[in-house]
Amino acid sequence: MAEKPAADQEPSLPQLPKSPTGISGFDQITEGGVPRGRPTLVCGGPGSGKTLFSMEFLVKGAVEYGEPGVFVAFEERPEELTKNVASLGFDLADLAARKKLLLDHVHIERSELEVTGEYDLEGFFVRLGYLIDSIGAKRIVIDTLEALFASLPNEAILRAELRRLFRWLKGRGMTAMITAERGLDEATLTRHGLEEYVSDCVILLDHRVSGQISTRRLRIVKYRGSYHGTNEYPFLIERQGISILPISAVELRHHVSTDRVSSGISRLDTMLAGGYYRGSSILISGTAGSGKSSFASSFAAAACRSGERCLYFAFEESEPQIKRNMAAIGLDLGAWTGQGLLRFEAARPTVYGLEMHLVRMHAAIEAFQPAAVVMDPISNMTAMGNPREVNAMLSRLIDFLKEKGITSVFTTLAHPESTEETEVAISSLIDTWLLLRTVEMSGERNRTLFILKSRGMAHSNQVREFLITDRGIELTNVYIGEGLVFTGSAREAQEAKDRAEALARRQEIEQRRRAHERQRRLIESQIATLQTQLDQEEEDLKMALAQMELRDKARSVSNRRQEELRRADAVDERAGSTGRGRGKEKHHG
Amino acid sequence: MTEKDHQDSLAEFEEALERMADQKFVLKLYVSGATGRSSRAIENIRGFCEEHLKGRYELEVIDIYQHPELLEKEQVIAAPTLIKQLPPPLRKLIGDMSDEEKILVGLDIRPPEESTEKE
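Order-wise, the sequence lines are chains A and B.
Each residue of the first sequence is one higher than the one before, counting from 1 in this note's numbering.
Each residue of the second sequence is one higher than the one before, counting from 1001 in this note's numbering.
Fair warning: there could be bad hints in the mix.
To be verified - Below 27 angstroms or equal to it, Euclidean Cα-Cα: the simulated DSSO-like pairs (lysine-lysine) are: (1) A:Lys99 - B:Lys1054; (2) B:Lys1073 - A:Lys83; (3) B:Lys1054 - B:Lys1024; (4) B:Lys1024 - B:Lys1073; (5) A:Lys497 - A:Lys553.
What the hints assert, rightly or not - Pairwise CB distance ranges, derived in the manner of DEER restraints: (6) B:Phe1013 - A:Glu109: 44 to 52 angstroms; (7) A:Asp133 - B:Gly1047: 53 to 61 angstroms; (8) A:Asp133 - B:Ser1039: 20 to 28 angstroms; (9) B:Asp1108 - A:Glu79: 28 to 36 angstroms; (10) A:Glu109 - B:Glu1060: 18 to 26 angstroms; (11) B:Asp1063 - A:Gln240: 42 to 50 angstroms; (12) B:His1052 - A:Glu64: 50 to 58 angstroms; (13) B:Glu1060 - A:Lys83: 29 to 37 angstroms; (14) A:Asn231 - B:Glu1060: 33 to 41 angstroms; (15) B:Asp1108 - A:Pro46: 51 to 59 angstroms.
Keep in mind that the hints were calculated from the coordinates and are not lab data.
Please read these numbers as outputs of a predicted model, since none were measured by experiment.
Glycine residues also receive a C-beta, built at the ideal position from the N, C-alpha and C atoms.
All chains, full assembly: derive it from the sequences and hints.
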């Protein structure tokens, strides 16, 4: 039996054949379950959940994997056991009737027992063999085997017989789960050293109380021949059985989307160049009363408006309180809850342990399958554990949400002095971080919004003022003057002041323009005067020249007349030497 | 135990013996097949019964391999196991029945003595 499933389970690598337990989360952390055909030791203190753990392994095996099982109880009577697990939805009586599960109660009354010599546990073996054969069981649970040590004397015989029992179970190919009490000191896993005999897989369950909050944890101490997580995994006993939270994706292989989802505030969408990325995580941090919940609710309402489901985890206020408050700003969350698109999960952080919360949130998300999740506020989580634990938890949660492609909005309370450091140092896991701040100026507090970061998208670098109005959150027009962002009435005042200044500037310009005009006209008139002078000069020059010419002409005419009168030369000759003659004459004359 | 108590209990024991004289013992011995230990147990208990309960006992030897279905009801896990069904109270003795003293005490034939009281 051990070989056959191995053949169809291992495609390439020789891997230990495993039997799925069907316990939520466990098969993930062990990559398939417990070793098939081998015993697994489940140890833990009283009330750590050993019996339920092993019972679920058996029930799930019988119901989901077609492997009938035998439950051998040393401590609880079958009726008690049946009653105890009925609350988890396990109907043992029905399973027994269908020959899928057998309950056997081994009851040894120490007071009615006397040892009269050598013995062995053959009776127990035969009994187990008979039960196994009667329903063809593949799985067996022995809870708690160590009870034998209390009932039977002669530890040497018992030890030898237990060793033989484990060999026998292996020989029969039974996937067995043996439970054992936790050792009294931390060094020993079990009170009677059963871990010596079970070398394949050892699981430790733990139930701790710290700060009045109890947490159940599971750790795989040993798993021979198989990869397994070494962490402590929180687990929860819920209505549907045990739920173990697998460590979040060790590998960052989330499916990323370029789809955008609305933040519920149109101008904020513009600032983010289209909205949040689908499946991203958004942190809204701010001081008290800065409007974190309103932003978160706007987002929730926007998701619902687009027909998607949204799960709202409220850690501070109750559902009716949130609904009332949001109705005041025009968000009718009640309508969405009515349509089944919005669901609230309200719980005070201190009510449960950290892991309990995580597991509950997981369960709620798995059940509701939302596209968007709001957690308001996560800073309250710090009340539940030390910061390291809180961070670990939140990062697991964020990873889980990313893996599921759920857009998530977290709000966190920041101190006024250090708004950019949230109490919860998860900023590295956050894709978009909105910082809400109240700015005190001129006797008022006004709200501002700033996108501290937004991975993978162009986003506005402006600080914006926003108003919480009865129509929701409204981002006002940006007003920047003198290198500052003004808000509220200071913005109004500054706007007026700037208007006055602008007017003054305009007037000054007008004045200067006129002065220039005057100057221009003055210069132009000067240019005109000079031009007149110039023209005058030219005129004078022309006249002078003309007169001179006239005089010359007059002289030459008179010379000719003299010559004519004197009849000295031929006219032709005279003409050729006129100039000379004239010069001479002039000179002479 | 004081001397007086001891004497009292001795007296009670005498009385009990008187009463028991005609009480019938119904015994069942569960053995695991024909092993040496099984045979030894059968031999021992037979010898014991002949010696202490002659004529007023009923001994049934059951092979657990033949009747595994009985084990759950009888709450047998060890082999060999001797069950005293009658007279009440129910008693179980495990082992190869080699310790006569313990059988006497185990079957309420004799109260525990100093030596066997220690544990």
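**OP:** Could you check the hint for me, namely that Asp1108 (chain B) and Pro46 (chain A) are 51 to 59 angstroms apart, CB to CB?
**Re:** Check failed, 35 angstroms falls outside 51 to 59 angstroms.
Original post:
Lying within 20 to 28 angstroms: is that true of the beta-carbon distance Asp133 (chain A) to Ser1039 (chain B)?
Top reply: Roughly 27 angstroms apart at Cβ, these two residues keep to the hinted range, so it holds.
**OP:** Using the beta carbons of Glu1060 (chain B) and Lys83 (chain A), state whether their distance is inside 29 to 37 angstroms or not.
**Re:** Given about 36 angstroms between the Cβ atoms, the range holds.
**OP:** With respect to the beta-carbon atoms only, verify the hint that Asp1063 (chain B) and Gln240 (chain A) lie 42 to 50 angstroms apart.
**Re:** holds (46 angstroms)
Original post:
Is the distance from the Cβ of Phe1013 (chain B) to the Cβ of Glu109 (chain A) consistent with 44 to 52 angstroms?
Top reply: Hint violated: Cβ distance 24 angstroms, outside 44 to 52 angstroms.
Subject >> Hinted pair Lys1024 (chain B) and Lys1073 (chain B), Cα distance within 27 angstroms >> reply: holds (23 angstroms)
**OP:** Compare the distance between the alpha carbons of Lys1073 (chain B) and Lys83 (chain A) with 27 angstroms, and conclude whether the hinted pair is satisfied.
**Re:** holds (21 angstroms)
Original post:
Are Asp1108 (chain B) and Glu79 (chain A) spaced within 28 to 36 angstroms by their CB atoms?
Top reply: For Asp1108 (chain B) and Glu79 (chain A) the Cβ distance comes to about 30 angstroms; the hint holds.
Subject >> CB-CB spacing for Glu1060 (chain B) and Asn231 (chain A) relative to the 33 to 41 angstroms hint >> reply: The hint (33 to 41 angstroms, Cβ to Cβ) is violated, given that Asn231 (chain A) and Glu1060 (chain B) are roughly 57 angstroms apart.
**OP:** Could you see if the CB distance from Glu109 (chain A) to Glu1060 (chain B) stays within 18 to 26 angstroms?
**Re:** For Glu109 (chain A) and Glu1060 (chain B) the Cβ distance comes to about 21 angstroms; the hint holds.
Original post:
Is Lys99 (chain A) close enough to Lys1054 (chain B), meaning Cα to Cα at most 27 angstroms?
Top reply: The hint is violated at about 46 angstroms.
Original post:
Is the Cα-Cα distance between Lys497 (chain A) and Lys553 (chain A) 27 angstroms or less?
Top reply: violated (83 angstroms)
In the structure shown, a violation is registered for the earlier hints numbered 1, 5, 6, 7, 14, 15, in ascending order.
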